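Taken in order, these protein sequences are the chains called A and B.
For the first sequence, the residue numbers in our numbering are 1 to 132.
For the second sequence, the residue numbers in our numbering are 1001 to 1035.
Note that these hints are calculated values from the structure, not bench results.
All figures in this text were calculated on a predicted structure; none of them were measured in a lab.
The beta carbon of each residue, even a glycine, is placed where N, CA and C say it ideally should be.
Incorrect hints may appear among the rest.
[What the hints assert, rightly or not] Taking lysine to aspartate or glutamate and the EDC-like style, the derived pairs with C-alpha atoms no more than 20 Å apart in a straight line are: (1) K108(A) to D30(A); (2) K40(A) to E1032(B); (3) K108(A) to E1032(B); (4) K87(A) to E1028(B); (5) K59(A) to E1032(B); (6) K130(A) to E84(A); (7) K28(A) to E1032(B); (8) K62(A) to E1032(B); (9) K130(A) to E1032(B); (10) K107(A) to E1028(B); (11) K2(A) to E1028(B); (12) K2(A) to E24(A); (13) K107(A) to E1032(B); (14) K62(A) to E1028(B); (15) K28(A) to D53(A); (16) K131(A) to E1032(B); (17) K98(A) to E84(A).
[Claimed, not checked] Stretch by stretch, here's where chain B covers chain A in the computed footprint (C-beta under 8 Å, at least three residues): (18) 40 to 50; (19) 56 to 65; (20) 85 to 98.
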Amino acid sequence: MKQHLGRQSGVQNVEVSLLDGKVEVTPKEDGRIDPAQLLKATYDSGVSVAELDLIARGKIVKDSSGGLQMQVAPNQSFALAPSESSKALEPLAGSETKVTVRGQLYKKPAGRKKPDTSAPLKLLILEVEKKE
Amino acid sequence: MRRANFVVLLLLGLVFMPALRAQVTHIEMRVEGMT
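Extracted from the complex, chain A is given alone in its bound form (with noise of 0.2 Å):
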C-alpha cells in the first residue's frame, strides 16, 4: 500500500502505522495531490478507509449555487460540509484571505464496504487554524 500510494501524483511520504492503521502522506508542494483519487487508490490497494483527514490552506469562494467552497489550488476546491465553522467562514467568502483549516473529508459510512467513490466529497471542518 506504501508503494502504490507513494506512486500516486503529488505525494512526497508515505508513512504507515501498523500499530493503529494511521497513514499519513505528505504531499508535495506542487499542489497536485488528489485527496479523493489518494482515497480511491488506498481501496486499490485492498484496505477500507474509516476517515480521512487533512490540513489546507486556502480561500473561502461561492459556487454558482451559492454553496461555500474551500479552494486551494486553482483547479481544485472542496465543497463545506455545513456546520458551525463552516457557517463562521461565510463572511470571508471572496475575499483574498487565506485560511490554514483542519477537516475531514471522509468518513466511512455506518455498514457499507465500499465508498461511493463517485459522490463529490464534502470538508468537513473541525479546526480553524489560521486565517491570515
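Given chain A, put chain B in place with the hints provided.
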C-alpha cells in the same frame, strides 16, 4: 546594487512562496484491514 536587491528579493520569494501558497499540506487516513 539594484541587481543585488533583486537577487535578495528573489531568494526570499523562493523561500517563503511554498509556505504562502494555498494547498493541501497534510493528509491522514485511518484504515482497516491492513496486514
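Here is what the structure says about each hint:
With a C-alpha separation of about 29 Å, the suggested pair K108(A) and D30(A) falls outside the 20 Å cut-off, and the hint is violated. Straight-line distance between C-alpha atoms of K40(A) and E1032(B) comes to about 14 Å, which keeps the hinted pair within the 20 Å bound. Only pairs whose Cα atoms come within 20 Å are accepted, and K108(A) paired with E1032(B) is accepted, the gap being roughly 10 Å. For the given pair, K87(A) sits about 24 Å from E1028(B) by alpha-carbon distance, which is inconsistent with the 20 Å threshold.
Distance restraint check for K59(A) and E1032(B): the Cα-Cα separation of roughly 33 Å exceeds the 20 Å cut-off, and the hinted pair is therefore not satisfied. Restraint check: the Cα-Cα separation between K130(A) and E84(A) comes to about 16 Å, which is no more than 20 Å; the hinted pair holds. Note on K28(A) and E1032(B): the hinted pairing is violated, with a Cα-Cα distance of about 26 Å set against a maximum of 20 Å. Using a Cα cut-off of 20 Å, the hinted pair K62(A) and E1032(B) is violated, with the two alpha carbons roughly 35 Å apart.
Distance hint between K130(A) and E1032(B) is unfulfilled; the C-alpha atoms sit about 32 Å from each other, more than 20 Å. Between K107(A) and E1028(B) the alpha-carbon distance is near 12 Å, which keeps this suggested pair within the 20 Å criterion. Under the criterion of a C-alpha separation no larger than 20 Å, the hint pairing K2(A) with E1028(B) is consistent with the structure, at around 13 Å. The straight-line distance between the Cα atoms of K2(A) and E24(A) is roughly 10 Å, inside the 20 Å bound, and the hint therefore holds.
The suggested pairing of K107(A) with E1032(B) holds, with an alpha-carbon distance near 12 Å, which does not exceed 20 Å. Taking the CA atoms of K62(A) and E1028(B), the gap is about 26 Å. The hint is violated against a cut of 20 Å. Proposed proximity of K28(A) and D53(A) is supported: the alpha carbons are some 17 Å apart, at most 20 Å. In summary, the hint linking K131(A) to E1032(B) is not supported, as the alpha carbons are separated by about 34 Å, beyond the 20 Å threshold.
Pair hint K98(A) plus E84(A) holds up; C-alpha atoms about 19 Å apart against a cutoff of 20 Å. With 6 residues bearing a CB less than 8 Å from a CB of chain B, the segment 40 to 50 of chain A meets the requirement of three and the coverage assertion stands. Here's how the segment 56 to 65 of chain A fares: 4 of its residues keep a CB closer than 8 Å to some CB of chain B, so the rule of at least three is met and the hint holds. For a cut-off of 8 Å, the count of residues in the segment 85 to 98 of chain A with a CB near a CB of chain B stands at 1, and the three-residue condition is violated.
Hints 1, 4, 5, 7, 8, 9, 14, 16, 20 from the list above are not met by this structure, while the remaining hints are.
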